[in-house]
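Visitor: Residue numbers (my numbering), protein chains in the order written: chain S, 1 to 510; chain A, 1 to 469; chain E, 1 to 277; chain Y, 1 to 314.
Calculated directly from the structure, the hints in this document are not laboratory data.
Here the structure is a predicted model, which means the values were calculated and not measured.
Just so you know, even glycine gets a beta-carbon here, dropped at the ideal spot from N, CA and C.
Accuracy of the hints is not assured; some may be wrong.
[What the hints assert, rightly or not] Derived coverage of chain S by chain Y (criterion: at least 3 residues anywhere in the stretch with Cβ under 8 Å from a Cβ of chain Y; other residues may be distant):
1. 101-114
2. 122-134
3. 211-221
4. 309-323
[To be verified] Just a few of them, taken from the derived set where beta-carbon distance is under 7 Å, the chain Y residues facing chain A:
5. 7
6. 10
7. 60
8. 211
9. 212
10. 220
11. 228
12. 229
13. 232
14. 233
15. 236
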Amino acid sequence: MHRPPPLSLLCRLLLVPLLLAALPASADDDRLDVVAPWEINSLDPVQSGLILGRMQVAETLIDSDDTGALVPGLATRWQSPDATHWHLTLRQGVHFHDGTPMTPKSVAASLERTLDRPGVLAQADILEVTPTDQGVDLVLAQPFAALPALLSHYSTQILAPAAYDNDGQVTRIIATGPYQVTQLALPQRLDSTRFEAYWGKAPAIATTRYLAAPRSETRTLMAQSGDADLVFTLDPVSLARLRMTPGLALFAEPIPRTVALKLNATHPGLDTPALRHAISLGIDRDGIAQGILRRSDAAAHQLLPPSMARWHLSDRAPEARNLDRARQLLASEGWTPGPDGILSRNGTRLALTLTTFADRPELPVIATALQAQLRELGMDVQVNVGNASEIPASHQDGSLNMALLGRNYGLVPDPLPTLMQDFGPTGGDWGAMNWSSPALQDIFTELTRHTDPARRDALAQQAATLLADERPVIPVVSYMQTLAASSRLEGVSLDPFERSYRLADMRWGD
Amino acid sequence: MTPLMEVRNLCVETTQPPIHTLLHPVSFTLHAGRPLTLLGETGSGKSLLAQAVMGTLPPGLRARGDVMVEGRNFLALPARARAKWWGRHFALLPQEPWHALDPTMRIGAQIEEGHRLVAGRSRSAAQHATDQSLMRLGLADCRRHLPQALSGGMAQRAAFAAARTTEAPIVIADEPTKGLDSTRRDEVVTLLREALNERSSLLAITHDIDVARQLGGDIMVVRDGICLEQGEARTVLDAPRSEYAKRLIAADPRHWPAPASPAPASAQPVIEGRTLRMKRGNRVLFSNLSLTLSPGEIVGLTGPSGCGKSTLGDILLGIITPDEGHVHRARGHAPLRFQKLYQDPPAAFAPHWTLHTLLEDLCARHRLDRGRIPLLMTRLGLHARLLQRQPGQLSGGELQRFSILRALLLEPVFLFADEPTSRLDPITQQDTLALLTDVAREHDCAVLLVSHDPALITASCDRQVVLSG
Amino acid sequence: MTTTATHHRIPLLRLRVPLPRARMAGALLLALLIAFGWLVPLWHDVSPHHQDLMHTLTPPGAEHLLGTDPLGRSMLGRLTEAVRLSLGLALLSVASAAVPGVVFGVIAGWRPGLVDRSLGLVADVVLALPGLLLVLLLAAIAPGTFWSLYVGIALVLWVEYFRVVRTATRTLISAPQVQCARMLGFGPGYIFRRHLWPELAPEVTTLAAFGASTAVLAVSSLGFVSIGLRPPTAELGLMMTELFPFYQEAPWLLAQPVIMLFLMVLSFQLLAGREPQ
Amino acid sequence: MPPLAMSLLQRVCQAGLVAWVVGTLTFVLTRTLPGDMAYRIAAGRYGHEQVTAAAAEAVRAELALEGSAVQAYLQWFGDLARGDLGRSLVSGQPVAGELQHLLGHSAQLAGVAIVMALLIGVPFGLASGLSRHRLLDRLGLALAVAMRSLPPFVIGLGLIMLFSITLGWLPAAGSGHLTHLWLPAMALALGLAAVSSRVTHHAMARVAASPFYAFARQKGLSARQALYRHGLRNVSVPVVAYLGVQLIYLMEGVVVIESLFAWPGIGHALVHAVVARDVPMIQGTALVLGLGFVLLNALVDLACRGLDPLRQTS
């Protein structure tokens with residue numbers, strides 16, 4: 001008795017959204033679209049300098065090349081008689097994006113401001129920054145040979161005086177890079193355009209856009225659909241697929257970033273080198289490399305990669321998984337399997353909590369793998385996936401057992417500052433816990449004084465050996481920086497220190 | 001006198017096997033200006049007949065036979081084509097006008113749309129026609145009302161106006177007076193009579209003998225889908241031949257036997273209302289009203305609908321507190337012994353449980369003697385197997401008798417019967433009421449019986465109270 | 001058709017009554033799921049946590065009936081665990097949402113005026129609070145525990161039950177059948193049992209059916225923004241997020257928990273017999 | 001007091017109460033949450049790995065986190081009264097400004113999603129509600145159940161695969177251009193449409209079975225006339241009323257969809273704020289969402305009154 005409404009009407013209504021949607025996607029073709037995971041949560045270089053640097057909006061005084069050797073940035077020369085007093089000579093004819101020239105005063109002001117923010121610069125405690133007619137002079141409390149390396153860290157990027165308001169907050173990004181910000185929509189998007197008055201070689205590509213896409217699936221899809229021209233940090237799973245995708249070129253470069261196990265050296269199950277060695281032996285690095293990272297060469301047997309030759313023990317053979325050896329070591333320390341297969345020593349079971357965080361999607365997965373592998377050794381491991389800050393926090397209150405983290409030793413081209421942070425006299429938030437070695441401290445202090453390369457090499461090797469034997473932190477796998485680029489782009493290359501996306505060197509092919 | 005519609009061996013049966021014949025073949029002719037009334041108790045297939053003629057049978061049923069209209073067999077037409085005749089050749093007066101009107105549309109609009117879309121008049125003409133019909137039906141000021149603002153009678157008239165925008169020659173009225181009190185009922189009947197003229201005619205379906213008598217014309221007595229007798233109204237009503245027709249006519253309260261000799265009003269009244277006053281909104285229902293009931297006394301309460309009959313009863317039961325005055329109950333009676341019978345039996349039972357469960361609950365609650373149930377059931381003519389059914393599966397009459405039984409279990413001293421039989425067809429009504437009064441007298445239980453039918457009250461009560469409203 | 005009284009006389013009307021067949025199917029489906037979750041491990045004993053990083057993402061086959069996940073764990077093992085956990089927790093959240101919802105709903109519907117108004121206001125406010133916030137905060141209070149997620153979700157869902165039950169109760173409580181029951185001397189308990197509950201039950205069970213799926217989905221959504229992860233436990237919602245990255249390399253993996261959830265919701269649906277109106 | 005004014009007054013009270021509860025709840029909870037706030041905030045600011053004890057202490061000092069909780073609490077309401085939502089602890093930018101930007105995007109998304117959902121769900125519901133074939137009904141039910149058991153990100157994925165990878169019609173993700181809106185909106189809409197199609201179906205079926213609908217036909221109205229004049233209005237009331245409820249589901253979906261489609265939205269922001277213990281941001285977001293919800297429901301009320309004259313009188 002009741003007929004459905006005429007089909008025509010129905011279809012029309014159903015089609016509307018599709019029709020609306022069917023508008024042609026307009027990806028601005030001359031603009032260089034860059035996609036990476038990291039969101040921009042502030043205008044302040046101390047917080048978001050990473051992206052400002054990579055998008056080549058802001059620059060540091062000192063730069064580095066692919067080998068990690070320091071090269072001139074906004075400063076052309078830097079020297080110090082005693083590693084305590086430093087003289088930097090600034091590059092001439094540099095202009096900020098607002099057209100004002102870069103002066104020693106403005107640089108000094110910018111550095112001063114960076115000093116009262118937390119950041120790497122804190123390590124070399126700088127007493128004063130004084131502008132000279134040619135550049136700036138820095139006076140340190142005690143010698144610090146690696147200062148130039150610190151000055152290449154993004155948190156020390158130089159902004160124009162007009163960038164700050166009265167109480168030192170950054171209100172606009174006015175820097176010196178080849179690209180200047182045209183629009184910044186926190187936390188997702190940064191549009192920039194070529195800065196015509198740039199001191200160096202003018203970029204070929206006029207406009208760029210940075211888009212933060214936290215999900216790796218999203219990034220992969222954007223690469224596949226051609227929405228983005230440069231897509232960074234691809235998840236291992238999608239690489240094979242992207243290789244197949246026409247119109248895409250894949251780039252990969254090992255980077256000095258290592259996934260490592262941070263151990264609480266006072267925990268009864270971790271308090272001797274032998275125990276830590278046992279854990280190291282229990283880890284199936286190749287399995288993790290193959291199964292999770294999909295790379296046979298990902299296994300890391302030392303904290304620092306071969307690319308950092310000074311700190312890498314080239315003569316030391318990689319240690320394969322060896323459960324029997326591991327069990328022996330554990331037994332030698334009095335840990336023997338109980339009825340439930342869990343190790344125990346006079347009545348106490350060996351139960352550990354492995355803390356990690358999900359900001360890096362692979363970490364929870366690796367943690368899960370480690371959980372199972374250590375279980376084979378007889379360790380009862382609980383995985384706690386939380387917020388990154390829980391690691392330093394629980395380091396400070398001493399509640400941490402084990403933590404799985406990714407540590408970038410190339411934060412500044414010279415790993416020394418990072419290592420000093422991690423393995424200082426009281427350990428380090430992202431390094432050793434309740435472990436310290438006077439010997440290592442001596443090596444570090446010497447390293448801060450000496451500038452003679454040969455001497456430094458020797459010292460570095462000693463340090464590396466010490467860390468490799470004591471294992472306060474156990475390396476698991478090493479990272480690979482990955483990039484999917486539109487094959488229309490020419491001059492694409494990866495920076496092993498992830499300082500720059502090198503957009504200025506790229507151009508559109510045809 | 002030309003036949004408007006000729007129905008030959010029309011019968012209704014189920015489509016799925018086992019094939020059930022719900023309406024046995026009937027034939028009749030509807031002449032212009034001469035109404036035909038189908039008389040019979042509810043559920044006797046009358047309504048099916050109307051639906052069969054209209055072609056609005058519910059799914060699972062089908063009609064066979066011929067319905068000749070204007071020389072064509074309407075029944076043979078495809079459903080779509082039949083729908084085109086609705087409102088144009090047939091005007092159906094719905095059973096419950098209140099529900100037949102769109103609750104969210106103003107009365108005027110609901111009539112006007114017919115004039116425009118069905119009769120195809122221009123906007124202005126439609127408006128004019130609407131005003132005309134509203135005027136004629138005395139609804140002039142209801143144009144912008146919503147159905148909920150209308151009384152049953154008004155709604156029936158509005159529906160009538162909406163259904164007959166094209167002056168369709170064949171008017172079919174299905175139980176047009178259902179649930180209306182006598183005065184409203186007469187209005188509707190006159191309304192229907194007005195619809196009759198040399199071009200049009202009326203097929204009315206009712207169980208109300210008065211309606212049949214007032215409409216005149218021909219009558220068909222139907223029961224259980226079988227036509228028992230048909231003929232000229234006067235002859236059938238005055239000299240019924242079929243047994244059933246006789247009973248049906250006898251069941252009219254006016255033909256009931258005189259009530260048994262009134263019980264002697266004992267000194268001790270069981271319940272007493274003194275100087276009661278009640279307002280609804282700003283309208284005074286009654287004031288300074290006093291009445292007393294003695295044990296075993298049956299008191300009738302009549303008055304037009306909305307005059308506060310139910311309210312008075314609820315006051316006596318203590319469900320409502322009066323604005324003024326107070327209710328005095330004889331000492332020594334538990335409040336449980338003051339009970340009520342509802343107008344719509346199904347609404348007074350929890351629908352999801354068998355009567356056995358419900359009675360069991362009652363006995364358990366008050367530690368009653370279960371032994372009395374079978375006795376009372378036989379006394380009330382209820383078959384034991386009914387206990388296993390859920391309320392929805394019983395007929396109104398059966399269910400009402402169960403509510404009497406339920407009340408009796410509590411040995412009531414006062415029963416407020418709020419139109420207990422108005423939803424029942426005449427015969428059942430007579431039986432049920434007879435039972436009620438008899439049983440009440442046996443148990444020395446006072447009854448306040450509400451009805452809008454004075455005849456019924458006079459026929460079954462010792463004395464009566466009339467609320468003027 | 002004419003009056004209720006005639007219904008039992010016309011046999012075809014029984015056709016109108018919703019067929020119990022659907023419910024049977026629902027019960028059967030649920031039984032199968034339960035069997036899958038609890039019985040399968042009995043004859044097919046694979047640990048859901050045992051890894052084999054050399055055989056990851058293997059397609060369904062003789063060795064692993066449902067294949068292996070990215071860590072080379074048996075999907076069959078994980079699915080069984082996930083079904084057990086998700087069923088249990090879904091029921092937990094449904095219960096912790098339905099019970100207060102119904103209780104307060106009945107109270108509010110029964111006692112118009114102040115009680116009703118204040119309860120209604122509370123409900124409105126809870127409704128207005130971003131449910132996400134409540135869940136996130138609760139998840140943050142007891143990090144890494146599942147119950148906190150599900151109870152947090154319940155905190156949001158109870159309002160639905162409340163609203164439905166309240167309106168239903170309002171109309172019922174003024175109906176003659178309840179007035180009559182009062183006159184017959186029955187108390188609130190009885191009235192709820194015999195008069196209210198039978199009317200409320202279908203609505204509530206239907207809400208519950210959808211509530212269960214909402215809960216599981218919410219957990220997967222939270223997992224998607226990396227909240228509530230707790231390796232190596234398998235839970236349907238979290239499995240979906242875990243397996244999402246492999247949608248193209250091993251679509252069958254993602255499909256498995258999704259299908260399981262679909263069957264779960266469907267079975268609840270069929271059991272409930274109706275949908276929210 | 002007329003019912004309309006009454007309900008409006010109720011809404012206003014509700015809004016006030018919401019503001020108070022949001023402020024209090026978020027404040028109390030964030031203060032009682034486990035984990036050191038300073039560290040959380042530092043992590044939010046400097047990114048993981050850059051969080052050090054030093055950084056955390058600096059944050060603690062800068063924000064005077066040790067200060068009296070009660071004072072901070074009252075402070076917030078004081079500022080709120082002056083329409084100041086404070087500054088984000090992470091970005092240092094004014095919360096109001098950020099919300100404006102984020103809310104704008106989320107509102108777009110939600111708005112378009114709801115419209116799409118209605119455009120898809122209602123016609124389907126009407127058709128299946130009117131047709132006598134159980135098939136459409138069963139199909140609708142199956143679809144609805146399927147949609148309710150598919151996590152939003154899977155739906156989103158499917159859409160991207162179809163519309164941007166296979167057909168290349170629409171950008172996969174991102175923001176800044178109108179075309180970026182359609183896919184995320186549709187991903188949300190499909191879920192909603194599943195539900196609203198069922199609501200419509202039931203409403204339509206109920207109306208179609210009602211005596212007044214039958215009478216409308218018997219008056220002589222054609223099927224379409226009956227539908228348009230007596231069907232749609234009566235159906236629309238429950239459908240619109242249900243929109244109010246659907247807004248809740250929307251919120252949950254929005255978070256996922258926003259992060260999948262890299263859409264700068266408020267749900268995404270809320271998650272970040274909670275993770276980073278960015279109290280002013282949490283409070284601001286929650287407040288805006290809460291009030292928005294109250295407002296929308298008030299609108300739904302009005303719409304229902306407009307559609308259903310019964311509500312105006314009663």
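Visitor: Okay, which hints does this one fail, numbers in order?
Guide: 1, 2, 4, 5, 6, 7, 11, 13, 15
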